[in-house]
Amino acid sequence: MGSRKTICPIVGVGASAGGLESFSRLLRNLPVDTGMAFVLVQHMEPKHKSILADILSRTTNMPVIDVKNKTVVKPDHIYVIPAGMDATVLKGTLYLVPRTEKVSQYKPIDTFLESLAKNQNGTPIGVILSGNGTDGSQGLRAIKTVGGITFAQTPESSKYDGMPQSAITLGAVDFVLTPEEIAGKLGKIACSGVLKKIEIETDELFNADELNKVFMMLYTVSGTNFAEYKQLTIQRRILRRMGLHLIQKLDDYVDYLGQNPAEVAALHQDLLINVTSFFRDFEAFETLKKLIFPSIMENRTPDETVRVWVPGCSTGEEAYSIAIFLTEYLESIAINIPIQIFATDVNETVIERARAGIYPRTIENDVSSERLRRFFVKVEEGYQINRKVRDMCIFARQDISKDPPFSRLDMISCRNVMIYLGPVLQKKMFAFFHYALKPKGFLFLGTSESVGVYSDLFDLADKKYKIYLKKSVSTPLIYDCPFNEYAPTIEKIEVKSQYPAAERLISDVKEQSDRIVINKFAPAGVIINEALEVIQFRGHTGAYLEHASGTPSLNLLKMARDGLLLGLRAAVNQAKKENRPFTKEGLHVIYNGQSKIVSVHVIPIEESSYKARYFLVLFENAALPTFSKGWNTHPNLRRKGQIKQQDENREIVRLKEELIVNKEYLHSVIDQHESANEALRAANEEIQSSNEELQSMNEELETAKEELQSINEELMTLNDELHHRNQELNDINSDVQNLFRCIDIPVVILTGALCIRRFNYPAEKLLNLIATDVGRPISNINPNVNIPDLEQEILEVIDKFISKEKEVQDKWGFWYSMQIRPYKTAENKINGVVLTFVDIDALKNSLTLSQEACEYAEAIVETVREPLLVLDANLHLTSANMAFYHTFRVTPEETRNQLIFDMGNGQWNIPRLRELLTDILCNNTIFTDFKVEYDFPNIGRRTMLVNARPIITLKTRVKLILMAIEDITDGK
Numbered sequence: 000m001g002s003r004k005t006i007c008p009i010v011g012v013g014a015s016a017g018g019l020e021s022f023s024r025l026l027r028n029l030p031v032d033t034g035m036a037f038v039l040v041q042h043m044e045p046k047h048k049s050i051l052a053d054i055l056s057r058t059t060n061m062p063v064i065d066v067k068n069k070t071v072v073k074p075d076h077i078y079v080i081p082a083g084m085d086a087t088v089l090k091g092t093l094y095l096v097p098r099t100e101k102v103s104q105y106k107p108i109d110t111f112l113e114s115l116a117k118n119q120n121g122t123p124i125g126v127i128l129s130g131n132g133t134d135g136s137q138g139l140r141a142i143k144t145v146g147g148i149t150f151a152q153t154p155e156s157s158k159y160d161g162m163p164q165s166a167i168t169l170g171a172v173d174f175v176l177t178p179e180e181i182a183g184k185l186g187k188i189a190c191s192g193v194l195k196k197i198e199i200e201t202d203e204l205f206n207a208d209e210l211n212k213v214f215m216m217l218y219t220v221s222g223t224n225f226a227e228y229k230q231l232t233i234q235r236r237i238l239r240r241m242g243l244h245l246i247q248k249l250d251d252y253v254d255y256l257g258q259n260p261a262e263v264a265a266l267h268q269d270l271l272i273n274v275t276s277f278f279r280d281f282e283a284f285e286t287l288k289k290l291i292f293p294s295i296m297e298n299r300t301p302d303e304t305v306r307v308w309v310p311g312c313s314t315g316e317e318a319y320s321i322a323i324f325l326t327e328y329l330e331s332i333a334i335n336i337p338i339q340i341f342a343t344d345v346n347e348t349v350i351e352r353a354r355a356g357i358y359p360r361t362i363e364n365d366v367s368s369e370r371l372r373r374f375f376v377k378v379e380e381g382y383q384i385n386r387k388v389r390d391m392c393i394f395a396r397q398d399i400s401k402d403p404p405f406s407r408l409d410m411i412s413c414r415n416v417m418i419y420l421g422p423v424l425q426k427k428m429f430a431f432f433h434y435a436l437k438p439k440g441f442l443f444l445g446t447s448e449s450v451g452v453y454s455d456l457f458d459l460a461d462k463k464y465k466i467y468l469k470k471s472v473s474t475p476l477i478y479d480c481p482f483n484e485y486a487p488t489i490e491k492i493e494v495k496s497q498y499p500a501a502e503r504l505i506s507d508v509k510e511q512s513d514r515i516v517i518n519k520f521a522p523a524g525v526i527i528n529e530a531l532e533v534i535q536f537r538g539h540t541g542a543y544l545e546h547a548s549g550t551p552s553l554n555l556l557k558m559a560r561d562g563l564l565l566g567l568r569a570a571v572n573q574a575k576k577e578n579r580p581f582t583k584e585g586l587h588v589i590y591n592g593q594s595k596i597v598s599v600h601v602i603p604i605e606e607s608s609y610k611a612r613y614f615l616v617l618f619e620n621a622a623l624p625t626f627s628k629g630w631n632t633h634p635n636l637r638r639k640g641q642i643k644q645q646d647e648n649r650e651i652v653r654l655k656e657e658l659i660v661n662k663e664y665l666h667s668v669i670d671q672h673e674s675a676n677e678a679l680r681a682a683n684e685e686i687q688s689s690n691e692e693l694q695s696m697n698e699e700l701e702t703a704k705e706e707l708q709s710i711n712e713e714l715m716t717l718n719d720e721l722h723h724r725n726q727e728l729n730d731i732n733s734d735v736q737n738l739f740r741c742i743d744i745p746v747v748i749l750t751g752a753l754c755i756r757r758f759n760y761p762a763e764k765l766l767n768l769i770a771t772d773v774g775r776p777i778s779n780i781n782p783n784v785n786i787p788d789l790e791q792e793i794l795e796v797i798d799k800f801i802s803k804e805k806e807v808q809d810k811w812g813f814w815y816s817m818q819i820r821p822y823k824t825a826e827n828k829i830n831g832v833v834l835t836f837v838d839i840d841a842l843k844n845s846l847t848l849s850q851e852a853c854e855y856a857e858a859i860v861e862t863v864r865e866p867l868l869v870l871d872a873n874l875h876l877t878s879a880n881m882a883f884y885h886t887f888r889v890t891p892e893e894t895r896n897q898l899i900f901d902m903g904n905g906q907w908n909i910p911r912l913r914e915l916l917t918d919i920l921c922n923n924t925i926f927t928d929f930k931v932e933y934d935f936p937n938i939g940r941r942t943m944l945v946n947a948r949p950i951i952t953l954k955t956r957v958k959l960i961l962m963a964i965e966d967i968t969d970g971k
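Under numbering that gives the first Met the number 0, the final residue of the sequence shown carries the number 971; numbering is consecutive throughout.
Since the hints were made in silico from the structure, they are not lab data. Among the hints, a few may not be true.
[As the list claims (entries may be wrong)] In the PhoX-like style, the derived pairs of lysine-lysine whose C-alpha atoms are separated by at most 20 Å in a straight line are:
1) K439 to K470
2) K187 to K248
3) K803 to K828
4) K704 to K401
5) K557 to K575
6) K655 to K595
7) K462 to K289
8) K704 to K437
9) K73 to K288
10) K387 to K828
11) K437 to K470
12) K463 to K288
13) K426 to K387
14) K576 to K662
15) K212 to K248
16) K67 to K90
17) K843 to K823
18) K90 to K288
19) K828 to K799
20) K437 to K465
21) K426 to K401
22) K465 to K289
23) K803 to K823
24) K439 to K465
25) K289 to K557
Taking the hints into account, I'd like the entire structure generated from these sequences.
Pasting the structure below:
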């Protein structure tokens, strides 16, 4: 049984603005006996005394405690981090440190969750509730990376959705739920007991057969053999997925995988650990700039590309970081050299994200504002790497366990990838890296990685940041090694060997042997193959065979007892040579200090299904010699002499037989030796003559093979990138075509040489175009619209980088507004113009009618013999007719823009008139026949009738007052 520990799972809960409500909703629905401890972290002013614990204690029956330094965490307790403090956890104890970060960098939730991920013995759990900003996103990602469980409040249920949305966008969230649903899920996780499984030894939870099934499902979906990866990491990830689905047994999870293909894909994504960031270990990048880049640039020609490979690139931050640092370094030394960075990963999903180069706003924590301004473009989702840096990096899917490597590389950056690989795959990868690098190329590993036992391939260039230099030694051959030595859970595939194992002979060889033994001999014996290896023992063979001291062996001749070896060897060789049963009699074998006469029978057995030969070797004791009765009837006279004579005769016979056997054996050995010598002599001559040629050809083939593999990989990578870009171009082209179809106004795009690049359907009729006009100069077109000096107008737009607009008319009399705008490429260069023609015929006609109506109205006003004047909203005179100026003998300059009450000598400053005019402006009224009697300057005393009404301009919608004045002096 494995060791077990008592675990108190810690749940880190973070919130900012609106957090009090979310905390309350969570705790109100949380069971009080989950066995978990809850640590609440909220953004608060450092000098503000928090009463959060008092408020939350009213919503739950669990104890709510304000944390003090070195507080020991207990199950079913709630801990509130005080304002102005950062909290960390170590071995179940909370530690507080005063806040020191700047306001812009203050991220207490990330600080605690990252500490929880690093130091929690059990399964860490992170929850992000309502709040502004991005705090908590990195903490949730750290928890998910170590196999924890993460939650985020649904943005719809949050007062402020910034923090939950940031974590969701980062892909660091397992469950997106309301606070009430999060409480329910936590309760179910606690009741399931899955959190306790983490401290049980893996052999109690995982068995090879069930793990094999998981690996086979994953291999079917992804083509990746995860049995080659570190098994402890793989098992933790599987445990995490089991915890998410509240499954306690691996066999139940295997059944769940079989029924849910989506879970297989999700497990695959979880196993592909994607942990990266921009400029990770910033000092390591500074070391690259100071130590490695100068070495790479030594004796390099301007057209020699700097080549870098980033295997396991994840979402691309590492590759882009190297591209940025390389760019900055080359600019600092005023050298312009092409940069090509190959970035690969087995996960197609992260490769797509890396190609797009779009990252959330949380990268502001890792990237300086200067680099953000220079190498990034702000987009809706956050920031995007600019096109120049993206073009340096080629992203492609690559399984480093089976795909060939790149070649002629200056540097390989494989940081924090090797720690997830098994020893066999690591051995293969270091050989790959050594082959792929140029002489004096560099290998950049993570701080927790090293070349280890492969130090014969690399020299240490920087110990602190694990940068290695390729040694000038031959790259070891790379074999596809069997992995079951290191990962016994791999699905084993049966391979047919030349000599099938004993259990595979049961149906054929054993049946034939049984029939032979039963029908004829039934003695002890063995079944051997052509290599004289014992396949099966039959009966008690201890009197004839025994295991020799030293390394265990089942070779028949090594097991033969004293006296049996030569005869046994001869019998087997004879049976093999003649392919027929052969018997050797009179062999002496020494067993328990006594000599025994034995006969050996060797019988060939043909096994047609495997085209192999086997032999049945049987041992039979010879009958003891008999004596006549005369010998027994005269014991006193003959016994002594006869026994002596008998022993001598036996010894002579034995020696003669042994001599005959030795002669036969030596003769066969000599024959074999001579035959072998002749064959070897001929073969040696042939080998010597062709050895040098074969060696030369082999070296050329190996070199060509390696180059072809590398070139093929690069071509595949480039093809993958080109395929992706072709898809983007197809999408853009489709967008442009659909946009052109939907636009009802004529549009024509011209090149810098004033040739037609593209036009839409409405432009065909207006400009008299057909499909074959694409590529023709615009001057060769006879349009249906009159555009004088079109070429000159276009050239002016291109030269001066301006836009022009002009009204033109077609031959049917319709009016258009022609707009000429510069055509800008993605590099912000002018490469032609865009012509658009907006139909303004209706507007033109409307303006003409309006002008005619205005002129008509003005003519009527000027014809009227009564004085007319117009006042604005401030009762200033804006205009008057000639009758007004003639009647009162004033000029336009004397009266225009004057307040009516100040005109003349104040003859119109009448309180009642002021009231009537104000009422018109305020209440939209009119008045008639208001009598004014006054001694007017220049014309004497007159009696006037004043009529007034409001008028509103059509264009500006401004209210004016029209006044008409009638002189009734002579008629009163």
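Evaluated hints:
1. A hinted pair counts as satisfied when its Cα atoms are at most 20 Å apart, and K439 with K470 qualifies at roughly 7 Å.
2. For the hint pairing K187 with K248, the CA-to-CA distance comes to about 16 Å; that is within 20 Å, so the pair holds.
3. Distance hint between K803 and K828 is fulfilled; the C-alpha atoms sit about 18 Å from each other, no more than 20 Å.
4. With a C-alpha separation of about 16 Å, the suggested pair K704 and K401 falls inside the 20 Å cut-off, and the hint holds.
5. With a C-alpha separation of about 18 Å, the suggested pair K557 and K575 falls inside the 20 Å cut-off, and the hint holds.
6. For the hint pairing K655 with K595, the CA-to-CA distance comes to about 16 Å; that is within 20 Å, so the pair holds.
7. With a C-alpha separation of about 15 Å, the suggested pairing of K462 with K289 holds against the 20 Å cut-off.
8. Restraint check for K704 and K437: the C-alpha separation of about 17 Å stays at or below 20 Å, so the hint holds.
9. Among the hinted pairs, K73 with K288 is inconsistent with the structure: their alpha-carbon atoms are about 49 Å apart, more than 20 Å.
10. At most 20 Å may separate the alpha-carbon atoms for a hinted pair to count; K387 and K828 meet this at roughly 15 Å.
11. Our distance criterion of 20 Å between C-alpha atoms is met by K437 and K470, whose separation comes to about 10 Å.
12. With a C-alpha separation of about 15 Å, the suggested pair K463 and K288 falls inside the 20 Å cut-off, and the hint holds.
13. Simply put, K426 and K387 have alpha-carbon atoms about 36 Å apart, too far for the 20 Å limit, and the pair is violated.
14. Among the hinted pairs, K576 with K662 is consistent with the structure: their alpha-carbon atoms are about 18 Å apart, no more than 20 Å.
15. The straight-line distance between the Cα atoms of K212 and K248 is roughly 14 Å, inside the 20 Å bound, and the hint therefore holds.
16. Between the alpha carbons of K67 and K90 the distance comes to roughly 16 Å, so the proposed pair stays at or under 20 Å and holds.
17. About 31 Å separates the Cα atoms of K843 and K823, which puts this hinted pair outside 20 Å; it is violated.
18. Restraint check for K90 and K288: not satisfied, since their Cα atoms lie roughly 39 Å apart, outside the 20 Å limit.
19. With a CA separation close to 13 Å, the supplied pair K828 and K799 stays within the 20 Å bound.
20. For the hint linking K437 to K465, the alpha-carbon distance of about 18 Å falls within 20 Å, and the restraint holds.
21. Pair hint K426 plus K401 holds up; C-alpha atoms about 13 Å apart against a cutoff of 20 Å.
22. Our distance criterion of 20 Å between C-alpha atoms is met by K465 and K289, whose separation comes to about 15 Å.
23. A distance of roughly 15 Å separates the Cα atoms of K803 and K823; the hinted pair therefore holds under the 20 Å criterion.
24. As the CA atoms of K439 and K465 are separated by approximately 16 Å, the hinted pair is consistent with the 20 Å bound.
25. Annotation: proposed proximity of K289 to K557 is violated, straight-line Cα distance about 66 Å (limit 20 Å).
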